[in-house]
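Peer 1: Once you have looked at the hints, place chain B on chain A.
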Amino acid sequence: MNKNAFFKMCCDFALIPILLTGCATQPLPPPAPNLIASKVILLNELPRISIYDLRMIPINDFLVVEAELVHNDTFSDTVLKSAPWFTTLPVLIVGATVQPMFSSRSSSNSIQYRFQWRDKNGMNVGSEESWKVLNFIPSQAQHIRGVATSKYAVDFKLELKNNN
Amino acid sequence: MITNRTNILGLAIALTATLGVSGCASNQPAFSSGNVSYGDTKAIETLTNEIGLTDFQMMAETMTNSLLTSTLIAGSKQKPTITISDIKNKTSEHIDTRAIALKIRTQLSKSQAVRFMGDKADEKHALTELQRQGQSGRYKASKSVKMGNAEGAKYSLYGEITSIVKRADDIKNIDYILNLTLEDLDSSEILWTEEKEIRKTSERSTF
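Protein sequence lines, in the order shown, are assigned to chains A and B.
FYI, in the numbering used here the residues of the first sequence are 1 to 164.
FYI, in the numbering used here the residues of the second sequence are 1 to 207.
There's no promise every hint is true.
Unchecked claim - Okay, derived cross-link-like pairs now, DSSO-like style, lysine-lysine, Cα gap no bigger than 30 Å in a straight line:
| hint | chain 1 | residue 1 | chain 2 | residue 2 |
| --- | --- | --- | --- | --- |
| 1 | B | K103 | A | K151 |
| 2 | B | K103 | A | K157 |
| 3 | B | K200 | A | K157 |
| 4 | A | K132 | B | K172 |
| 5 | B | K196 | B | K103 |
| 6 | A | K161 | B | K42 |
| 7 | B | K77 | A | K120 |
| 8 | B | K79 | A | K120 |
| 9 | B | K110 | A | K151 |
Said to hold, decoys possible - Over the 10 Å line for every Cβ pair with chain B, so calculated as not near, a few chain A residues:
| hint | residue |
| --- | --- |
| 10 | K39 |
| 11 | N109 |
| 12 | M123 |
For the record, the hints were derived by calculation from the structure and aren't laboratory data.
Even for Gly, the Cβ is constructed at its ideal location relative to N, Cα and C.
The following block holds chain A by itself, in its conformation from the complex (with noise of 0.2 Å):
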């Protein structure tokens, strides 16, 4: 596949989510694949849930990072099964689209997540978070936001696992 194929394709990829929620009506920036998944740790198998959005800014030179978590009980399973990037492109993000991360056909609608905060330099900062827990209900877009509590972060790790 040549490059203005696979940027063709990441385009339509990106007018999934905006045909299917009709919300998005800025235009999107342009495609970075990947990212979502170098900022992601996923422990075990989420229930259903992927990560429509992820934004990272400073605040009083504090990090804040605001992701958009949603239950995508709207996809049907043929819908997921057919969708080209489900299976060749295991995380895609196109400025806010979808990441089709969940992989679990699990029941339970709750995950537990949490924040690390690195420095310039990878490591750590900051005190450990607690786990949170967050419920959906089928279809639900929720919205989790992280704030690094030391000035010395500069990037995030958003850890994500099952609340079973």
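Peer 2: Showing chain B alone in chain A's frame:
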């Protein structure tokens, strides 16, 4: 005959080895009863529906994160000076609210965005030490701390924790609400306020 000798010799060696091993084992101190283990204090603990360390941690994190991203920090040329006044416990449970306050103070102090001045509890220790240095006669006057040099905090952090308990059949629901306020002690203006709600539901087992 040879076989018997071999058997006796083998038995003797096995007996000696067993005694040796058991002798060594008996000299080793027992470091574990097998019933105690260390746990992850950051893991979510839901042993009972009463307030616990996980709740304290969530409360402290929410409050710290909110304060660090507030306009109070953004608009301050100098680090704001804060003292913790009191977190009232308005629940029916015994809750060490100072432990919550200290968790928040620790996290905020580590952020280096604010300065904390001693609260009432800290002042007791400070006064005791001041008296010891000033009155024992052991310390040089020029090298001991003096009364009257302490800096007062500009802001006071206080709040309360309340709970709502509901029961229906075997289900018990407790809602905890921690509300904190930061007040400018000069102007009495409320500059920041935040609340954290935690819902804990438990179901009594029928077995």
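Peer 1: Decide if the proposed pair is consistent with the structure: A/K132 and B/K172, CA atoms, cutoff 30 Å inclusive.
Peer 2: holds, 21 Å
Peer 1: Is the straight-line distance between the alpha-carbon of B/K200 and that of A/K157 30 Å or less?
Peer 2: Holds. B/K200 to A/K157 sits at ~28 Å (cutoff 30 Å).
Peer 1: Just want to verify: A/M123 was marked as not at the interface with chain B; is every Cβ pair farther apart than 10 Å?
Peer 2: holds, 15 Å
Peer 1: Is it true that the CA of A/K161 sits at most 30 Å from the CA of B/K42?
Peer 2: Since the Cα atoms of A/K161 and B/K42 sit roughly 14 Å apart, the hinted pair holds (cutoff 30 Å).
Peer 1: Measuring Cβ to Cβ, find out whether A/N109 lies farther than 10 Å from everything in chain B.
Peer 2: Given a closest Cβ separation of 15 Å, the condition holds.
Peer 1: Given the hinted pair B/K79 and A/K120, is their alpha-carbon gap at most 30 Å?
Peer 2: Roughly 24 Å separates the two Cα atoms, so the pair holds.
Peer 1: Regarding the pair B/K103 and A/K151, is the alpha-carbon distance no greater than 30 Å?
Peer 2: holds, 19 Å
Peer 1: Between the alpha carbons of B/K110 and A/K151, is the straight-line distance 30 Å or under?
Peer 2: holds, 10 Å
Peer 1: Measuring Cβ to Cβ, find out whether A/K39 lies farther than 10 Å from everything in chain B.
Peer 2: holds, 18 Å
Peer 1: Straight-line Cα separation of B/K103 and A/K157 no greater than 30 Å?
Peer 2: Given pair B/K103, A/K157 holds - Cα atoms ~23 Å apart, limit 30 Å.
Peer 1: Going straight from one Cα to the other, do B/K196 and B/K103 come out at no more than 30 Å?
Peer 2: holds, 15 Å
Peer 1: Does the alpha-carbon distance linking B/K77 and A/K120 stay inside the 30 Å limit?
Peer 2: holds, 26 Å
Checked against the numbered hints listed earlier, the structure breaks none of them; every hint is satisfied.
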